[in-house]
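Q: Chains as they are written, first to last, in our numbering: chain A, 1 to 440; chain B, 1 to 440.
Hints are computed from structural coordinates only; laboratory data are not their basis.
The model shown is predicted, which means the values in this text are computed figures rather than measured ones.
Keep in mind that a hint or two might mislead.
In silico BS3-like links for lysine-lysine, alpha-carbon gap of 27 Å or less [claimed, not checked]: (1) A:K312 <-> A:K71; (2) B:K335 <-> A:K312; (3) A:K71 <-> B:K71; (4) B:K312 <-> A:K71.
Stretch by stretch, here's where chain A covers chain B in the computed footprint (C-beta under 8 Å, at least three residues) [unchecked claim]: (5) 24-30; (6) 128-141; (7) 278-291.
Computed far set for chain B versus chain A, every beta-carbon distance over 12 Å [what the hints assert, rightly or not]: (8) V42; (9) K188; (10) S303; (11) G382; (12) L415.
Don't be surprised by glycine CBs; every beta carbon is placed ideally from N, CA and C.
2 protein chains.
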Amino acid sequence: MSADHREQQPAQQGSRIDPHVGRYAHRAQGMVASEVRALFAVASRPEVVSLAGGMPNVSALPLDQFGDLVKDVVSQEGAAALQYGSAQGDPVLREQICDYMTLEGITAVPDDVIVTVGSQQALDLITRVFVDPGDIVLTEAPTYVTAINTFAAFQADTRHVSMDEHGVDPDELDRALTEAERQGQRVKFFYTVPNFQNPAGITMTAERRTRVMEVCQRHDVLVVEDNPYGLLRYDGEPEPTLYSQGNGNVIYLGSLSKTLSPGLRIGWALAPAPVRAKLVLAAESAMLSHSTFNQLVVRRYLSTFPWREQIKTFNAMYSERRDTMLTALSAMMPKGCTWTEPEGGFFVWATLPEGVDAKAMLPRAVTERVAYVPGTGFYADGRGRSSMRLSFCYPTPEQIREGVRRLVGAIEGELDLHATFGTTLPPSTQGSQTPAPDLP
Amino acid sequence: MSADHREQQPAQQGSRIDPHVGRYAHRAQGMVASEVRALFAVASRPEVVSLAGGMPNVSALPLDQFGDLVKDVVSQEGAAALQYGSAQGDPVLREQICDYMTLEGITAVPDDVIVTVGSQQALDLITRVFVDPGDIVLTEAPTYVTAINTFAAFQADTRHVSMDEHGVDPDELDRALTEAERQGQRVKFFYTVPNFQNPAGITMTAERRTRVMEVCQRHDVLVVEDNPYGLLRYDGEPEPTLYSQGNGNVIYLGSLSKTLSPGLRIGWALAPAPVRAKLVLAAESAMLSHSTFNQLVVRRYLSTFPWREQIKTFNAMYSERRDTMLTALSAMMPKGCTWTEPEGGFFVWATLPEGVDAKAMLPRAVTERVAYVPGTGFYADGRGRSSMRLSFCYPTPEQIREGVRRLVGAIEGELDLHATFGTTLPPSTQGSQTPAPDLP
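All chains, full assembly: derive it from the sequences and hints.
A: Given below as structure tokens:
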């Protein structure tokens, strides 16, 4: 779907009830509420097992110790912590972030880091700095849902490049770039989540990384590498970051939302100096500065807490949940269903037999007291109708087993319907369906 | 200066050193670093009395009690506080914000409130939702410097309307709106800081408020009412908000940055329901959600702390500082200088005799160990060269007296130069000069 097409919808929908409708900027017309939000409100009832949300399990943190830590920040550094800060972020925290990134094999200096309100804000600032209406942004297919929304909010023309189990297809990426050049269109960047991708759970292999970087450098296109899950690896060996082989052509996004807490909103971008300077100016006009309080809390956490051990604790917990989900899927899923087997992160991507619509099935699933995110939300072009994202991060192993059991009940019901009446796919619809990130 | 003109500068400046310069969005070219930043870095040395920054004096908070409060949030509500939240903000906090706004005479429901990263983010989201490139935004002259930057970052054509001691001139506002209509141009909103304005320290009178609302409603133009200082009143009676007489045509911005702490970044917008819905979608793509941690800290503060008494404590302190500055200016300023006498807030606006350039004088002032913000930063069109903003919020009364003494020394030196060589005004320059908000 083109950005232009997307713009047409909400103005028509809203014109009868909103007296301000003629006043909005063109970009506001790309800001569309989720079609499935209402259903998710039902899905958040306690009796429903949610395999939908991407919430980390922060209860695994030692909250009493963390409480003492935040108290010390206020009583010992309160005058600084409660004051304005700089738009680039606290210098000591940026140094600690560089240390943190060495675990990913990244060598960086604090001056190239900007602290952001989660890595989501970094993505927003990058889009703001680079994307004019109609500019092309390339992403994996499927891709992170709120990235699609952010690109749409700046009127980008989001185009997808297919993935297989080794990651994005470099030949298709090459063709997409060549095609855009041939049409005289500008590709502003290729956005990728190379590790345990949200939503597909796929990790780009080392060989693919080399080829992707070769293609992007040959076409002189920036890469935005979003890596929130990199340290949450349960099997296998880490792959090298794209940043480390990017020759200044990669903007790297990191986050503590999954390895510490999303409620503190500490993410960052690591960018070439002139880009970083633009991002800082954009951040200043976006919010003056991030919370100094949160930055000093995280600064103290990274300097006084055994945070590497804490990540191991998280990994042991998530690994068990991942195993539980994969085992349950293998044991129970009907013939014809497939799913990915992530080496880390939070998500499994499951695909139903041809012709079964995961979005149309969602009301039945919620009736069975299980929720997931339909695959269409992760595409800008209406694909993904037979797929769904299943999260194993938040529910307990017992809930995961029960959730898969209920999900299988819903799928079998849908397959029966399908066998009786043919396809359950409704007429084509367009637009992304945003799942709220805070779904339990 | 038109938005187009502003765009031309940085591309020319940066093209020799930035390999990414051809890739930026057009709007990024309106993101320009401050010309006076380097000087402010010098000005932040401890021997310099800074009358430049707008930092509240958070040390007046009882930090030990506040430390206990944040510890309780983590140990008692940590699982929620450290988790993702909704893009609109915590519902209980939004209810408390409605209670808080009753002190300003506003009646509102929590559903019309969105919690933002300071009111700066609210202003950014509003601009994002309403402003297409070239759209006109009207502001007071002078106006809040980062508002100018935010409007420029979305390629607005920012135009000013004069103020006198009673606030903005409604007849000039009427003419500006009529002129835009005649030209077939769209005015997206009128941005105003009606109480103790930053930077001018002027409060709009009740009569002016009525006339301003009459003009804006007649021209069917939205008003954005930014009121961070409203409760910091040291003399006189509160004026009614524009929101309370706006008939759904006003977006109101509030903040706890000045009455509690800017480091927590809790601001908000109160907007008509359809606009609020757009702002929530914009906030979601900008950052997913604000910090739940900070929201639950503030929620507990507003429910357990004697915060009305705390505001009285702040007011007693700031009132003394305001009095000290006004007394020192009256006693020491050379003939021909004028200044405003704010009834609240943080700022006095001083104007030097015709022909003396406050920006050109700044290096001399810093040599005299005093800093201020030159007036040109508060205009989009190069005006304000004889003026400066003087802050009394952060320095102690003793420092304020000494700062004014040093400032007067610098002005007298400049007046001597002026008497000998004529005007000190350099050739016209353009672009805003952003003071960092965190200057001490």
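Q: Are the Cα atoms of K312 (chain B) and K71 (chain A) separated by 27 Å or less?
A: With Cα atoms ~25 Å apart, K312 (chain B) and K71 (chain A) stay inside 27 Å; holds.
Q: Grab the minimum beta-carbon distance between L415 (chain B) and chain A and tell me whether it stays above 12 Å.
A: holds, 34 Å
Q: Is K312 (chain A) within 27 Å of K71 (chain A), Cα to Cα?
A: Within the cut-off at roughly 26 Å; holds.
Q: Test coverage of the region 128-141 of chain B by chain A using CB-CB distances below 8 Å; three residues minimum.
A: Holds: 6 residues of the region 128-141 of chain B have a Cβ under 8 Å from chain A.
Q: Mind checking the alpha carbons of K335 (chain B) and K312 (chain A) for me, to see if they're no more than 27 Å apart?
A: With a Cα-Cα distance of about 70 Å, the restraint between K335 (chain B) and K312 (chain A) is violated, given a limit of 27 Å.
Q: Compute the least Cβ-Cβ separation between G382 (chain B) and chain A, then decide whether it is above 12 Å.
A: At about 20 Å from chain A, G382 (chain B) clears the 12 Å cut-off, so the statement holds.
Q: Regarding the assertion that S303 (chain B) does not contact chain A, is the least Cβ-Cβ distance greater than 12 Å?
A: holds, 18 Å
Q: For V42 (chain B), which was marked as not at the interface, is the minimum beta-carbon distance to chain A over 12 Å?
A: holds, 16 Å
Q: Verify this for me: three or more residues of the region 278-291 of chain B with a beta carbon less than 8 Å from a beta carbon of chain A.
A: holds (count 11)
Q: Do the alpha carbons of K71 (chain A) and K71 (chain B) lie within 27 Å of each other, as the hint requires?
A: holds, 5 Å
Q: Beyond 12 Å on every Cβ pair: is that true for K188 (chain B) relative to chain A?
A: Since the minimum Cβ distance to chain A is about 7 Å, K188 (chain B) lies within 12 Å and the statement is violated.
Q: Counting residues of the region 24-30 of chain B whose CB is closer than 8 Å to a CB in chain A, do you get three or more?
A: This one holds; 5 residues, not fewer than the three required, reach chain A with a Cβ under 8 Å.
Checked against the numbered hints given earlier, the structure breaks hints 2 and 9 and satisfies all the rest.
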